[in-house]
Amino acid sequence: MNSNADPRYKGYRGKTRELLAAQGVQVWSDVEIHSTKGVFSGIILPRSENADQYHVVIKMASGYNVGIRADTITRIVQRGFREAHYQIPEREFPRDESKPNVVLFGTGGTIASRLDYRTGAVIPAFSPGELYGSVPELADICNLRTEKLYSVFSENMGPQQWVGLAGKVGEAIRQGADGVVIGHGTDTMHHTAAILSFMVQNPPIPVVMVGSQRSSDRPSSDAASNLVNATLTAAKSDIAEVMVCMFGPTSDLYDLLHQGTRVRKMHSSYRSTFRTIGDVPLARVDRNGVKPIRTDYNRRRADRQVTIDPAFDDRVSIVYYYPGMKPDIIESLIDNGYKGIVIAGTGLGHVNQPLYPVLKRARDMGVHVFMTVQTLWGYVQMYVYETGRDLMDLGVIPAGNMLPEVAYMKLCWALGHSHQREEVQRIMLTPIAREITLREPHDGYLILQGGLPEVEEFIGRYRR
Amino acid sequence: MPFLLVEVSMTIPPYGTLSPDDYRALGFRSGLEVHQQLFTQNKLFCRCPAGRYSPVYHAEILRHMRPTLSELGEYDGTALMEFKTKKEIIYRLHRDTVCTYEMDDAPPFLLDDEALDHALEIAHLLNCNIVGELHITRKQYLDGSIPTGFQRTTIVGTDGYILVGGRRIGVRQLGLEEDACREVSDEGHVRTYLTDRLSMPLVEVVTEPELTTPEEVAQANQVIRFLTRSSGKVRTGAGAGRQDVNVSVAGGTRVEIKGVCRIPLIPALVHYEAFRQVTLLRLRDGLLAAGLSPDTFHPRHKEVTRAVYRATYPPLRAALDQGARVRAVVLPGFGDAMNTMTQPGRPFSSEVSDRVRVIACLDRLPNLIYRHMPDPGLDPSIWSRVLPAMAAEEGDGLVLVWGNEQDVRTAAEEIGIRCAEALVGIPSETRQVLGDGTAGVTGFERILPGPDRMYPDTDLPPIPIPDDRVEKARLRVDAPPWELGERYRAMGVPEHLVDRLILSPRRRLFEQAIKSFPGISTARVAHLLTATLTGWRRRSGIPVDRVSDEQMLDLIRLLHKGRLQYESLKEVVRYLAAHEQVSADIALRDLGIQPAGEVEVRDLVAQVLDQEGGGLQMDRRRWKALMGKVMARVRGRYPGRGVAAILEEMTGGLHARASAAGEEGDR
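So the protein sequences, as listed, match chains A and B. Heads up, the first sequence is in the working numbering, so the first residue is 1 and it goes up one at a time. Heads up, the second sequence is in the working numbering, so the first residue is 465 and it goes up one at a time.
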């Protein structure tokens, strides 16, 4: 609706908008509203687009907002007009030749932001000057260059963005960056981390993805500390891998560096939502530096060699198996021209017998089917039970301990290179960045069970 | 050689010596923010049970607070101060009282409906305009008292009023908000909170600053307390009600005294706060008259650890021995202004010391020493070494402060800042009550945050309040408390129980019982539902609140019918409190309480008289023994008075004779 574009009535629709116009007031008018419920004074605020069309919102002198139902309003007296102006305080990011150079790419979401108290609008801060104004600690670490590549929510990241991002990382490496940080929404951060691990191979420098679980407009936000830790990792650590840097334990103590192919978002809202699955994290990082946990990572190099391999075929799907699944799901994938299917099977990698014929048909139609486990932890092992062997006979290929989402990203990437059966299988099963590991350490699977006395004691003592 | 550079000639009049006209002359103005927890099942934004408190905790979580960009950009007072202090915040959690919401690891659930309905009732009681749509707002707190860094709060009503001594005092707004953590300790750079109270629903009643004497402030607070409690929808008991008191005088600034927990403390606190402001204004005038100016006053500080390394003053000596650094702050032309008394027993130097304690976290007192102290403590030869080291002149103020390198630097800066503020007037701040509050003195707590720390909560949608919901709340509010009082007196409630009944959550039950059981003793039911139940809870530890109104009404019915006697009531209530689903009838059966008939009682009396033999002793002891024996068998099943009548009859008037004999004997 075009009427909504009129900034004078921003967000107001229908009768309420007509009322404002008829009373000769608009957004930012300082008013006294006479209603059948009494008199309310304040400044008319823009209305949120998805709020109903029956109320006028004002900000009172106390700073509180209240809504007044339009059909109770008898008269509005304008006392003044106070439009909100906001800008981000910007200070020049200091440059120090002795400090490492870090490039920060933005893909969307807000790494740092300024909040407008009157509207509640969150204004993203991204330029080095803006970031310096909000996270001045960054200047102690490095010289910063920023580039906003995309402005999308993380669920809207897709092949185009991944390919573009890989190219930009390669460019930064060739231009001499000492480290790359990528700001990313957290929902699909592990998808992007996985595909970057395949598209950016053997980087000579750290490539660190970072985000926040609590938005940067709140005092308890993890954004600033995650960003500082990620930047520190990019600037100074010797870990030349694609990594995710996010909040470690429940307490605000340190961040963890996760291998891009072994990490997964495991809680819808916790800060410490990212976990390394089936392995231990690469390292811990806090303001005092990076403390490696694993030692078998690729070391930082002085050269500028990197393989950028941005192949992608999006005709791939994940099928999350459930008992009683019918073959039509897979039929429809085949019929719609899908070329790859990653199954998240039960237990060691199983699906029910009614799917057998359609899986055979998939193979015959040249569709590549790989098996992963919906238990997330552990390997696919299709020899233990006869059903597993049957499935392999039907052309389903076990994908080791690759996480389902990682296998999905890798199959997209593999099919970008070849559709030849043996070649696809070779690519899929040859680990590039620990997406399949040869062994699972005994402490690669630790989910502490709450309520157990020893666990409670541990949590109580160590504030984890 | 004490000498006076800054003339501030005034003494602080003790509380109680001034008239209302005196306060008017000072331009005294005060307003209240009264917080009262609501009685709900659950917390305001999650499904945790409300009102369960325990010092026991199962885990601790450590967090930090960081000012958002707005604060850093604009250097807002409170935010920056909290950032300077660099606190580690520890939260103690109990498994049953806190979930991931309170710990800021999950978004809020929808606002608790029960709490909103309670708040709507209270809005009616305060004669407020009720808003058409609630907007949840975030109010920033960086002290860590709320793990999110903000309090979720919303306005339910505006522009109400209360009557205080016949005068109409405006109620600016009624807020509904979540409560904060309870502070356990705040030492050095670590502040610890207990989280059980976090997110409890409460209403905040904010009055206009229209109160004109300290007594009126307390009186208004009583009225608000009484009004909110009369709704029967608020919690009572320790910590359930707290108030912040805003005070200013002519030429002064709004200063907030935080978290006063007892109303009787208020008058002296606000009186002395008013005079703190008056003395600070006089001090400013004195400093300006002495030629100082905010534009040219430039304090400076330098490390002087080496110059004072021989100091014997015990607090400084102890710190030096532990490796503390010492800084000297020169306050040009400040003279002995530090000695100006601003509160009884507290000179201006304590304002400075408070700042150093709170902001630089140097909380071992004394945390500073200054040259013109009445009791210098420090060897004069030390001062004579520091003076030239700092290039300080005779008329300059000079302060020494000690601690670790970083904190002592913050402290030295802060000393300069506070003294510079003395040239401007009164810093806008929140103050905490010192000691038990009876002395009426307060200490600096935080810089007072402005209205700019409020912003919409993007996690929750606006909540429209339909007219019928408002109307239903209005119908639940039957009358203001003074009208209830009249009604109860007319019904025959004894005077000493009227107020208790108005405030009792069982008030409606009382009215229902009187209506349902004609002829029942009003006084007896009123006493039972107020004093008796409270006594059982307090003295016998019976959780009487667990007995539902339905169960209680049932009990009153049984009492009325004579199937239950007052003597066994306590036992039944105890049983019902432990068995929430059980009806009163079943409780009687479970406890074996069956009413006794007159025949049964007569049989029993006969048996007892048989066993005891005729006996010729006609004294009270024998009467008591017989009564005791019978009552042991029928207690709670037959009225005691009835038993006495039967016994008297069957012994041919034993009691009357015994009494007469006793009286004889006494003569």
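Please note: incorrect hints may appear among the correct ones.
Claimed, not checked - Dumping the calculated DSBU-like pairs for lysine-lysine here, alpha-carbon to alpha-carbon at most 35 Å: (1) B:K766 <-> A:K99; (2) A:K15 <-> B:K603; (3) A:K15 <-> B:K722; (4) A:K148 <-> B:K603; (5) B:K936 <-> B:K766; (6) B:K1034 <-> B:K1088; (7) A:K10 <-> B:K1034; (8) B:K1093 <-> A:K291; (9) A:K99 <-> A:K10.
Worth flagging that the hints you see were computed from the coordinates, not collected in a lab.
Quick rundown of the hints versus the structure:
1. With a C-alpha separation of about 31 Å, the suggested pair K766 of chain B and K99 of chain A falls inside the 35 Å cut-off, and the hint holds.
2. As the CA atoms of K15 of chain A and K603 of chain B are separated by approximately 32 Å, the hinted pair is consistent with the 35 Å bound.
3. Taking the CA atoms of K15 of chain A and K722 of chain B, the gap is about 45 Å. The hint is violated against a cut of 35 Å.
4. Taking the CA atoms of K148 of chain A and K603 of chain B, the gap is about 32 Å. The hint holds against a cut of 35 Å.
5. In summary, the hint linking K936 of chain B to K766 of chain B is not supported, as the alpha carbons are separated by about 67 Å, beyond the 35 Å threshold.
6. Taking the CA atoms of K1034 of chain B and K1088 of chain B, the gap is about 23 Å. The hint holds against a cut of 35 Å.
7. Restraint check: the Cα-Cα separation between K10 of chain A and K1034 of chain B comes to about 64 Å, which exceeds 35 Å; the hinted pair is violated.
8. The straight-line distance between the Cα atoms of K1093 of chain B and K291 of chain A is roughly 82 Å, outside the 35 Å bound, and the hint therefore fails.
9. About 46 Å separates the Cα atoms of K99 of chain A and K10 of chain A, which puts this hinted pair outside 35 Å; it is violated.
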